[in-house]
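Peer 1: Chain by chain, the residues run as shown.
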Amino acid sequence: MELEGRQSLAATPEEVWSALFDRDVLEQAIPGCESLEQTSDTSFAAVVKLKIGPVSARFKGEVELSDIVVGRSCTLSGKGSGGIAGFAKGAAKVTLTPQGPETVLDYTADVAVGGKLAALGNRLIKSTAQKLTGEFFANFDRALAVEEDAPAA
Amino acid sequence: MSKDHIGQSHRRENALRHLAGRGRFTTDLSLPRMLHAAFVRSPMAKGRIVEVDVTDAAAAPGVVRVFTAQTLNHVCEPWVGTLDHFAGMQSGPQNMLADGQVLWAGHPVVMILAHSRAEAEDACELVMLDIEDEDAIVDGDAAQMENAPLASDGIDSNMCFQTVLETPDLDAAFARAAHVVEGDFTFGRHTAVTLEPRAVIADYDPSTGQLTVHHGTQTPYQFQDVYARHFGLNESKVRVIAPDIGGSFGMKLHVYHEEMATVAASLLLGRPVRFVADRLESFVSDIHARDHRVSARMAVDADGTILAMDVDDMTQIGAFSTYPRTSAAEGNQVIRLMGAPYKMPDYRGRLSVVFQNKVQTSQYRAVGHPIACAVTEALVDRAAQLLDMDPFDIRARNLLADDDYPHVSATGYQFEKLSHQASLEKLHDMMGYGALRKEQARLREQGIHRGIGIAPFVEITNPGAAFYGVGGARISAQDGAVVRLTPSGDVHCAISVTEQGQGTETIIAQVVADQLGVTPERVKVTTGDTDTTPSGGATWACRGAGIGGETALRAGRKLQAQILALAGAILQADPAKLTLANGAVVDAATGDERISLAEIGRIATYRPDTLPDGCNSSLTAAEHFAPGGYPFDFTNGIQASYVEVDIETGITRLLKHWVVEDCGRIINPLLVDEQIRGGVVQGLGPAFFEECLYDDAGQMTNASLADYLVPMAGEMPDIEIAHVETPTKDTILGAKGVGEAGTAAAGAAAMNAVNDALRPLGAQISQTPMTPLRILTALGHVSAGPKRGY
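In order, the protein sequences belong to chains Z and F.
Using our numbering, read the first sequence as starting at 1 and increasing by one per residue.
Using our numbering, read the second sequence as starting at 1 and increasing by one per residue.
Some clues are possibly wrong.
Unchecked claim - Covered by chain Z, per the in silico footprint, the following chain F stretches (three or more residues, Cβ under 8 Å):
{"#": "1", "region": "42 to 49"}
{"#": "2", "region": "125 to 132"}
{"#": "3", "region": "280 to 288"}
{"#": "4", "region": "694 to 705"}
I should point out that these hints are in silico values taken from the structure, not numbers from a laboratory.
The beta-carbon is built from N, C-alpha and C at its ideal position, and this holds for glycine as well.
Please model the complete structure; the sequences and the hints are all you need to start from.
Peer 2: Set out below in structure tokens:
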């Protein structure tokens, strides 16, 4: 299943870039995130609770950032296991482009799901994934605004 | 009159009870101290199990026990789905829970037992499975590539079974043929979707060592044998009870991991354990059907005479061959039924049965028939088109003549007597063929695209031991019946064939009634309990009426002789001059009543002291019957389909369907027609709607009734049925099977009809289901998309 999209963010590419690697920002942005732990400079372990159609599950997963071109682009790859709900794995290529005072974030993701998640049909999963992606960026945008407002440490 | 119930329509004895909500299905049963099972299944098509953490699940509310392969599998002898008559066949050993490796998405890994199914399911969510993903074998062609990973352990290649049938003159036939038509065909996977899902309650009593299994199965004796052997129990300590069953269609005679695990859990815990599959897990654990790719060609003479067929069938069966019947039987029948209705002298059939990491496929209603019929009849239609012949004319030229029996087909099948020509003629009249063609031509001028398709077929019924027994399978080829006269003159028949809603019990009552001169209402029939019925094969491969009916007839006649002998002793009369009618012993010459059956029952039961010395007062007769003579009783028939294809949307409307069928002696015309109608619907379902879709990673992507399409009443055409009766001489009764006839050729007739509609547009479809998108693709209205997923 392929997902792609574009999101305008009210921040400079540098600010967006650092937020993408900021545990606190990600924790606020990821829908249903129950815990997020930074396991190295470029990796995180997460527990996320999601409901997809009739399947509700707690996913334990890992996210790794690679192909890093600082301030420009990177690839996030991850896999999560949701117990009997199945699993999800995938990779997303994220590119940042400055546009005036804002930053345009483009992403293309290839996601595979298995178990009950797959059985319930790609239609349901794709619409849910798109909804979750939308929620993520709305939260991310909000978190960025809060970070900007916060006084420099 | 109390004779001649054979041949009359009687309503199914259990229909009112089911309509009134008084069915007694395994799913309805609740036993004291019963636990409920749920399974954690592999989300991946293939992988290595790194860790299974059940700590949280074991502590969850209501959970009594959690089993993994390490704690459960040791009580069960693994099973291997191979048979000796499929030479060179291989399949890995199977056990209840995945051990080390998961081999399809849905493979059970952990079993949780709790006080309710809900609690067991909740605990399933707490199991953490760590499975290292491996490349799955998804496609049968990829499975055969060199260096392809193996679909499971315990096999040396992904080839489960291969065979070739060939007549010596095959190549010469193709060389001298005026024309060769050919095609590549794809038949999708589908599944049974029974109204009642698989259900089992195992109840082991440690104080007596008795295992009782309430099991929604077609074959209770087979499961008694399987449970006894694989769990090391004496057969007498295993009782299998199959009560009302909400549909089976072949799906409920295979050994499944979950049923075996349910029995194992009851043995270990000493209390009843229930497993009823929910609809989602049915899709990823019930057997699937078909999944064939066929390349075929047909050689024809300039006058339309079929000279030969050359067929290559590749069928994809999942990670294991099923047990105990194997997953090779379907493909074996595909290559043996090709061209079966025709005089065709030469033939070559190649079969490759291939492993892959999906749900197992195996026997399902009309095993192999729809594939062989669709391929054969598509090629016959292509030949007719090439030669500008009418589809009826080319078939009339090639069908076996009604006086040309016995006949041995090019694939080795022995036909006792069939009625293709009479059936063809009857169909032609019944459907008003000439008028239909005129209507089709007239509507075409208005841009309405209708099509007519016909498909003769041969069906395999009444199998003897040739099916499975010769290969070493402990699957009974015989059936047994015990018929007794009760003290008040009623009749009871306990018989080994089973009832799944098709009316077995009703027809058995009709057969027995006629032997004993009573009405069927006075005959009570008991089925589906290994403790109370004699041992036998039960219901599969269309044997209930032909073999079960003959067994009942012979047991009934035996009891008839006993009753007449007893009556002779009481009446001081010659038994040869007596007969049974109207619930009494009557004078054979005059029909005058001599003594009622109730009086016979009373005397034999309560006053045997009044009988002459040495007089045998037994009013119970047991008889077993195994078919002799021909290895199978083949039936035949022909179907026609009339469709309208909307070339803008690709949607096909099924306007009408006709069936002419010859199942030999008809015991109950109403139930025979119901069998044919149900069968036709189960043939049209996979022709247009039903398909188990998989993605490239081996995930089934439409495994719910929200996405998987079953045929609904509103989409089905009226189905008109007529009969030719050619009784088999192998039995007294003369009945053959009929349960699979409808399914055998419905899809073939429909595919020919769709192609007839598309023909003027230069389009052709050779893949089922014939979805709107596939039809639009065939028409060139949309470009060919990915191979799967539409």
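Peer 1: Which of the numbered hints above does this structure break?
Peer 2: none
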